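Protein sequences, first through last, are from chains V and D.
Counting from 84, one number per residue, gives the positions in the first sequence under our numbering.
Counting from 84, one number per residue, gives the positions in the second sequence under our numbering.
Calculated from the structure, these hints are not laboratory results.
Only a predicted model underlies this, so the values are computations on that prediction, with no experimental measurement involved.
Take the hints with a grain of salt, since some may be wrong.
Pairs involving identical chains hold if they fit within one copy or between any two copies, as the list cannot separate such chains.
Below, a list of computed lysine to aspartate or glutamate pairs in the EDC-like style, where the Cα atoms sit at most 20 Å apart [to be verified]:
1. K377 - D300
2. K114 - E251
3. K114 - E273
4. K359 - E266
5. K133 - D150
6. K226 - E216
This is what each chain is made of:
2 protein chains.
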Amino acid sequence: MNPVLKNSFATYLPPVNRYLRGLSFTDALQKRLAPSQEKAMHYSVDARGKRLRPILTIMAYRLLAEDWQRALPVAAAYELVHTYSLIHDDLPAMDDDDWRRGEPTNHKVFGEALAILTGDALLTEAFRLLAEEVEAAAAVIVKLVATLARVAGGNGMVGGQVIDILSEGVVIKENTKDNENQEDLLELLETLHRRKTGAMITGALLAGADLAGCDNDLRLRLEKFGRLIGLAFQVADDILDEVGDQASLGKDIGSDRELDKLTFVSLFGLEGARQKLLELKQQALLQIEPLGAKAIELKALAEYIVDRDR
Amino acid sequence: MNPVLKNSFATYLPPVNRYLRGLSFTDALQKRLAPSQEKAMHYSVDARGKRLRPILTIMAYRLLAEDWQRALPVAAAYELVHTYSLIHDDLPAMDDDDWRRGEPTNHKVFGEALAILTGDALLTEAFRLLAEEVEAAAAVIVKLVATLARVAGGNGMVGGQVIDILSEGVVIKENTKDNENQEDLLELLETLHRRKTGAMITGALLAGADLAGCDNDLRLRLEKFGRLIGLAFQVADDILDEVGDQASLGKDIGSDRELDKLTFVSLFGLEGARQKLLELKQQALLQIEPLGAKAIELKALAEYIVDRDR
Numbered sequence: 084m085n086p087v088l089k090n091s092f093a094t095y096l097p098p099v100n101r102y103l104r105g106l107s108f109t110d111a112l113q114k115r116l117a118p119s120q121e122k123a124m125h126y127s128v129d130a131r132g133k134r135l136r137p138i139l140t141i142m143a144y145r146l147l148a149e150d151w152q153r154a155l156p157v158a159a160a161y162e163l164v165h166t167y168s169l170i171h172d173d174l175p176a177m178d179d180d181d182w183r184r185g186e187p188t189n190h191k192v193f194g195e196a197l198a199i200l201t202g203d204a205l206l207t208e209a210f211r212l213l214a215e216e217v218e219a220a221a222a223v224i225v226k227l228v229a230t231l232a233r234v235a236g237g238n239g240m241v242g243g244q245v246i247d248i249l250s251e252g253v254v255i256k257e258n259t260k261d262n263e264n265q266e267d268l269l270e271l272l273e274t275l276h277r278r279k280t281g282a283m284i285t286g287a288l289l290a291g292a293d294l295a296g297c298d299n300d301l302r303l304r305l306e307k308f309g310r311l312i313g314l315a316f317q318v319a320d321d322i323l324d325e326v327g328d329q330a331s332l333g334k335d336i337g338s339d340r341e342l343d344k345l346t347f348v349s350l351f352g353l354e355g356a357r358q359k360l361l362e363l364k365q366q367a368l369l370q371i372e373p374l375g376a377k378a379i380e381l382k383a384l385a386e387y388i389v390d391r392d393r
Numbered sequence: 084m085n086p087v088l089k090n091s092f093a094t095y096l097p098p099v100n101r102y103l104r105g106l107s108f109t110d111a112l113q114k115r116l117a118p119s120q121e122k123a124m125h126y127s128v129d130a131r132g133k134r135l136r137p138i139l140t141i142m143a144y145r146l147l148a149e150d151w152q153r154a155l156p157v158a159a160a161y162e163l164v165h166t167y168s169l170i171h172d173d174l175p176a177m178d179d180d181d182w183r184r185g186e187p188t189n190h191k192v193f194g195e196a197l198a199i200l201t202g203d204a205l206l207t208e209a210f211r212l213l214a215e216e217v218e219a220a221a222a223v224i225v226k227l228v229a230t231l232a233r234v235a236g237g238n239g240m241v242g243g244q245v246i247d248i249l250s251e252g253v254v255i256k257e258n259t260k261d262n263e264n265q266e267d268l269l270e271l272l273e274t275l276h277r278r279k280t281g282a283m284i285t286g287a288l289l290a291g292a293d294l295a296g297c298d299n300d301l302r303l304r305l306e307k308f309g310r311l312i313g314l315a316f317q318v319a320d321d322i323l324d325e326v327g328d329q330a331s332l333g334k335d336i337g338s339d340r341e342l343d344k345l346t347f348v349s350l351f352g353l354e355g356a357r358q359k360l361l362e363l364k365q366q367a368l369l370q371i372e373p374l375g376a377k378a379i380e381l382k383a384l385a386e387y388i389v390d391r392d393r
């Protein structure tokens with residue numbers, strides 16, 4: 084890993100994890116009457132994750148200000164929303180996953196009913212953090228709430244998940260010659276991932292920048308940068324599913340192909356997807372180039388997302 | 084129905100329903116790629132409901148100001164959160180209900196996966212409404228967000244639902260002589276309902292009052308009033324389940340007793356529950372008495388909640 088990024092992770096990850104672990108989700112009465120609720124919430128929040136969204140919030144904040152600890156409640160709000168989405172995605176009615184990051188999924192440990200409610204509570208708690216724990220002018224907090232609601236909601240993350248579920252029947256015939264159909268499928272695929280993953284990645288960046296008081300020009304650059312690295316993240320995922328190392332990924336390889344899933348690899352082939360990934364990275368770096376040395380962390384992160392092996 | 088209340092419902096209900104029906108939850112692209120998402124969201128939001136929470140928001144607002152249409156986005160936010168909670172409560176993993184208000188439940192029409200995501204999207208949209216659609220000072224909006232997150236979250240509505248699920252095994256022996264145990268059970272039952280139903284009823288009142296700029300004294304009165312009518316609402320429910328008219332209720336009578344459910348009737352007996360209901364009503368009316376003629380609507384509503392036959 085790039086030494087810049089290694090240093091960033093070493094600086095930001097422990098405080099982010101400490102902040103998340105330190106959250107008390109339920110009051111004394113709730114803890115007494117429903118002791119497993121706090122456990123179920125922390126079970127998923129405390130699980131080892133990349134913490135990509137909190138890191139993005141902090142890096143965007145640091146483009147403008149040094150006291151990045153002030154961004155922790157905002158960073159945590161994004162991680163809570165990400166966590167709730169994983170809990171709901173893993174449910175039997177959704178992806179029906181028993182394992183996540185080497186541990187049983189929330190509903191396997193606490194049951195489906197509590198897992199649904201745990202997700203609901205985490206989503207709600209994210210908005211409470213923004214409204215009650217962030218030190219900022221009220222107008223800034225309102226902006227943070229609006230952005231989170233947009234990127235997490237029916238036209239954002241949840242919308243992407245809906246498209247994903249509804250398009251599951253879409254099967255890619257190998258060597259399709261129907262160009263018009265390929266364009267439709269590319270729009271479907273890009274919108275799906277722009278909303279399902281890209282929106283929250285962009286939102287996390289914007290939240291950090293908004294908290295630090297960014298201007299419109301920077302906001303637009305970060306929005307484009309977020310979109311591009313969000314999409315790159317997914318293209319890299321699709322390539323890794325095809326050629327990655329099973330052991331370092333910790334999941335089965337080739338599962339997308341077996342399921343006839345619509346992916347960037349199924350649409351463009353392996354070489355085409357690699358080309359697409361390179362283009363996305365170059366476009367993303369172009370967006371933050373004018374920021375100069377300040378953007379060194381975001382640059383390293385974009386490269387890491389593209390070049391990662393898991 | 085009391086003529087005051089009849090007039091209030093006739094005034095507020097059509098604009099509330101119009102506002103809810105008029106909401107566009109998804110953008111043009113989402114509507115094209117996932118057409119059933121908008122349908123699934125409106126299916127439950129547009130269903131005939133009492134609209135108790137929006138009415139409470141408007142009535143509380145009118146204690147202080149006349150232009151109650153300004154409260155519509157806030158009122159709608161509370162109804163969206165209430166609607167999402169019904170969708171998730173009806174899921175097979177939760178109460179497993181196939182019918183609600185004479186119509187198939189959301190998951191029976193759109194499938195479980197979409198029903199879960201529809202609930203998630205409605206909860207998120209409620210916060211977007213507060214942040215983007217309410218005309219008020221930013222500090223007021225932050226207060227509205229904080230209150231909604233508190234009353235809907237892990238120590239509020241979701242917390243009450245968790246207690247409900249975890250305490251399902253609690254069976255009431257008839258004529259229990261164990262007074263200490265009865266006190267524990269009463270605390271469990273009251274906390275459950277104070278959080279599951281009472282919190283959102285209180286929140287809806289506070290939101291209307293906060294939007295209109297209420298002072299601390301009024302806020303405290305409304306908080307107590309909301310708690311009391313929220314609990315009264317549930318005691319009345321328990322009594323109706325025992326002695327109500329099956330046809331006007333639209334649901335089976337005696338189901339709580341058959342299920343050995345912990346209710347105010349199982350705990351106090353029918354007469355004891357009626358006595359409790361009367362006490363709650365008197366305490367509630369006492370809270371708003373100092374407000375004088377302005378509180379005529381809230382008084383009528385409190386009486387309606389207690390004396391209703393369905």
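Here is what the structure says about each hint:
In this assembly of identical chains, the alpha carbons of K377 and D300 lie at most 20 Å apart only when taken from the same copy (15 Å versus 50 Å across copies). For the homomeric pair K114 and E251, the shortest alpha-carbon distance between copies (17 Å) is at most 20 Å, but the shortest distance inside one copy (40 Å) is not. For the identical chains of this complex, K114 and E273 are inter-copy neighbours only, at 16 Å across copies versus 43 Å inside a copy, given an alpha-carbon limit of 20 Å. Only within a single protomer do K359 and E266 lie at most 20 Å apart by alpha-carbon distance; the minimum there is 15 Å, versus 66 Å between protomers.
Proximity of K133 to D150 under the C-alpha cut-off of 20 Å is found in neither arrangement, the shortest distances being 22 Å within a copy and 49 Å between copies. When the C-alpha separation of K226 and E216 is checked against a cutoff of 20 Å, the pair qualifies both within a copy, at 15 Å, and between copies, at 12 Å.
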